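*Asks:* Chains as they are written, first to last, in UniProt numbering: chain A, 1 to 364; chain B, 1 to 246.
One should not assume that every hint holds.
As a list, the in silico DSSO-like pairs of lysine-lysine whose alpha-carbon atoms are at most 27 Å apart [what the hints assert, rightly or not]: (1) 73(B) x 243(B); (2) 235(A) x 338(A); (3) 84(B) x 184(A); (4) 129(B) x 73(B); (5) 246(B) x 184(A); (6) 174(A) x 246(B); (7) 186(B) x 64(A); (8) 58(A) x 37(A); (9) 255(A) x 184(A); (10) 174(A) x 168(B); (11) 64(A) x 174(A); (12) 84(B) x 235(A); (13) 84(B) x 168(B).
Here are the computed distance ranges between Cβ atoms for each label pair [to be verified]: (14) 149(B) x 61(A): 50 to 58 Å; (15) 151(B) x 61(A): 43 to 51 Å; (16) 115(A) x 224(B): 54 to 62 Å; (17) 221(B) x 115(A): 32 to 40 Å; (18) 231(B) x 61(A): 31 to 39 Å; (19) 155(B) x 174(A): 40 to 48 Å; (20) 168(B) x 105(A): 54 to 62 Å; (21) 236(A) x 217(B): 57 to 65 Å; (22) 105(A) x 84(B): 49 to 57 Å; (23) 58(A) x 171(B): 27 to 35 Å.
For the record, the hints were derived by calculation from the structure and aren't laboratory data.
Just so you know, these numbers come straight off a predicted model, no measurement behind them.
Every residue gets a Cβ at the ideal spot worked out from N, C-alpha and C, and that includes glycine.
Here's the letter readout for the chains.
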Amino acid sequence: MKLSSSACSIARIPSLFASLCRPICSTSLSLSPSSLKPTTPLFLRPPTFSTSLSELNKWHHWAKNLASSVGSSFVHLDNGPDSTLLCRELRWLLEDSLEDHSLISQLGSQNYHMDVRLRASLDELYVLWRQRIEERRPFQYIVGCEHWRDLVLSVQEGVLIPRPETELIVDLVKDVVLDSRELKEGLWADLGTGSGAIAIGIGRILWSQGRVIATDLSPVAVAVATYNVLRYDLKDMIEVRKGSWFEPLKDVEGKLAGVVSNPPYIPSDDISRLQAEVGQHEPRLALDGGVSGMDDLLHLSNGAVSMLKPGGFFVFETNGEKQCQFLVDYMENNNPGKFCNVNIVSDFAGIQRFVTGFINDKCH
Amino acid sequence: MSMATQLAWKSNSLLRFASKSISRSTSNGCIVAHYSRSFFCNNTNMTTITSMRPEFQLCCFTHSAASNIIGSKYLELTDEELMKQCVMDTFKASGPGGQHRNKRESAVRLKHIPTGIISQAVEDRSQHKNRASALRRLRTLLAVRVRNTLDLDAYSPPPELLQILPPKSTFRGSDCGPQIGPNNPKFILGMQALLDLVFAVEGSISDAAKFLGLSTGALSRLILSDDSLRMAVNELRTSKGLKPLK
């Protein structure tokens, strides 16, 4: 079962998340999401710890050496991060840990006895950075957040870290709502919402009458997405529902103005070759798209026909050119005449990444 | 790979990307604009690749009197309009991207097609913010590198320049409002006009100060108040055999 594999990847993480791991491992799908309490991102924790600048300096020096020792070995191993990237992450870890950011520039200065206020104890920082380098635990899980568009979203083990590529989905939606009052004030669905990133991005561009329903099968994702929605004060606009794809949306069949999704699309055989940060730490539930990677994309494109209202818009993220082409052909052949303006859009790296289109309003 | 080769290589792949990403539509659907197209400019003359480095370069583009307006016009464009003149790409290393990668390299590069100026941002944690930083940086680069020629005989400082001058300036009327500092986005427009003048008088601060109704010291202080402005002026002065301002 997919869920158990995602729970396993959580179970692999020691110490800090041990307490979190227990309820997830023992959970069944019927567990109410409210029983899961999401972890607070580091930068939002109170600065209740203190140390001296010299001790912090010592830690920083150690952490930098550890990062430098990596060189480009991870790059060769599995296209992972190099030292430069890790050092940048180290700086961001400092930013999130320190109450006073201006201290970063003073590291290495002579003012050694100065007191420094921290949001995590120094011991914890040693543990966290060791996890980053030795276990390849993703930086975003270390600090408990990801910067995505103009948002800072809480993330934790069990929830896919939103990718920079996916930022573009919100721009694509922005483009179509710009000239359509109906779409701007309509009901949208973000399926497999994960951290809630796309739903929140869209919630912030719709007019006040607009609504978004975000669904996810994973209870951790539902809890984290709910937390993020509350943090951006969008609870009146975005509703998070637990369930698989369109299942929790039966009451709004044929009423949706838009459907967006970044479903799992990696072919099962590729999962074992993923960079360690992804393959060993992120939930398989959010990555594995079956043998061809297309299982969920095909399901979504079929569902979109009945769920969207005439003139409704969709965006799906895919694995690349092959899946984009396949999906477009599939839509034409399987539901001839139902879709219109179906289009492939590339991400900023030039890879064909998204399939967008509308439900034909003449065929209904 | 050196920075320059890397940039040249990226620019190459950029153009390939531009030519490749033509919109595709279904046979029954009408063609809608490819989204990425809004970031492209219709300029097809960009066949040669310049490996322009991100440091400041002097006087890369001097607009002739006829196209005088165009040079300063770039800075008057809104972010969206300016974006339309740019191609944007990311620094993708290799591989399929998307869910495959835990990708901290949310770095962004903008290439301004009409001038070929490249601006980039890597230090922010989201692509969105890096894009905004790159755009801000592009504005500064445009101000520093795009020169408008001036007719010194008929010169009077334009309003955007008067706005960044200290109140001491004898040309500054009361209708100018308070002095605009380097943190204000409008400063860049004034900075471009000031550089146009400093270039027209070949780097002489005392000559430029006379055109602005300022003392040489006051103008020096203004130039030193902003890093890009100071660097551009000093680079010009060095090239003319003058001592850099400190």
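*Asks:* Run every hint past the structure and note whether it holds.
*Replies:* Tested hints:
1. 73(B) x 243(B): Distance of about 32 Å is beyond 27 Å: violated.
2. 235(A) x 338(A): Not satisfied, since the Cα-Cα distance of roughly 33 Å exceeds 27 Å.
3. 84(B) x 184(A): The given pair, whose Cα atoms are some 24 Å apart, holds under the 27 Å limit.
4. 129(B) x 73(B): Since the Cα atoms of residue 129(B) and residue 73(B) sit roughly 25 Å apart, the hinted pair holds (cutoff 27 Å).
5. 246(B) x 184(A): 54 Å, violated
6. 174(A) x 246(B): Violated, at roughly 48 Å.
7. 186(B) x 64(A): 40 Å, violated
8. 58(A) x 37(A): Measuring from Cα to Cα gives roughly 34 Å; hence the hint is violated.
9. 255(A) x 184(A): Since the Cα atoms of residue 255(A) and residue 184(A) sit roughly 14 Å apart, the hinted pair holds (cutoff 27 Å).
10. 174(A) x 168(B): 47 Å, violated
11. 64(A) x 174(A): Measuring from Cα to Cα gives roughly 41 Å; hence the hint is violated.
12. 84(B) x 235(A): With Cα atoms ~35 Å apart, residue 84(B) and residue 235(A) exceed 27 Å; violated.
13. 84(B) x 168(B): Judged against 27 Å, a Cα distance of about 40 Å means the pair is violated.
14. 149(B) x 61(A): 50 to 58 Å: 53 Å, holds
15. 151(B) x 61(A): 43 to 51 Å: Check failed, 59 Å falls outside 43 to 51 Å.
16. 115(A) x 224(B): 54 to 62 Å: Since residue 115(A) and residue 224(B) have Cβ atoms about 36 Å apart, the given range 54 to 62 Å is violated.
17. 221(B) x 115(A): 32 to 40 Å: 38 Å, holds
18. 231(B) x 61(A): 31 to 39 Å: 32 Å, holds
19. 155(B) x 174(A): 40 to 48 Å: Check passed, 44 Å falls within 40 to 48 Å.
20. 168(B) x 105(A): 54 to 62 Å: 34 Å, violated
21. 236(A) x 217(B): 57 to 65 Å: Holds, at about 58 Å.
22. 105(A) x 84(B): 49 to 57 Å: Check failed, 37 Å falls outside 49 to 57 Å.
23. 58(A) x 171(B): 27 to 35 Å: 57 Å, violated
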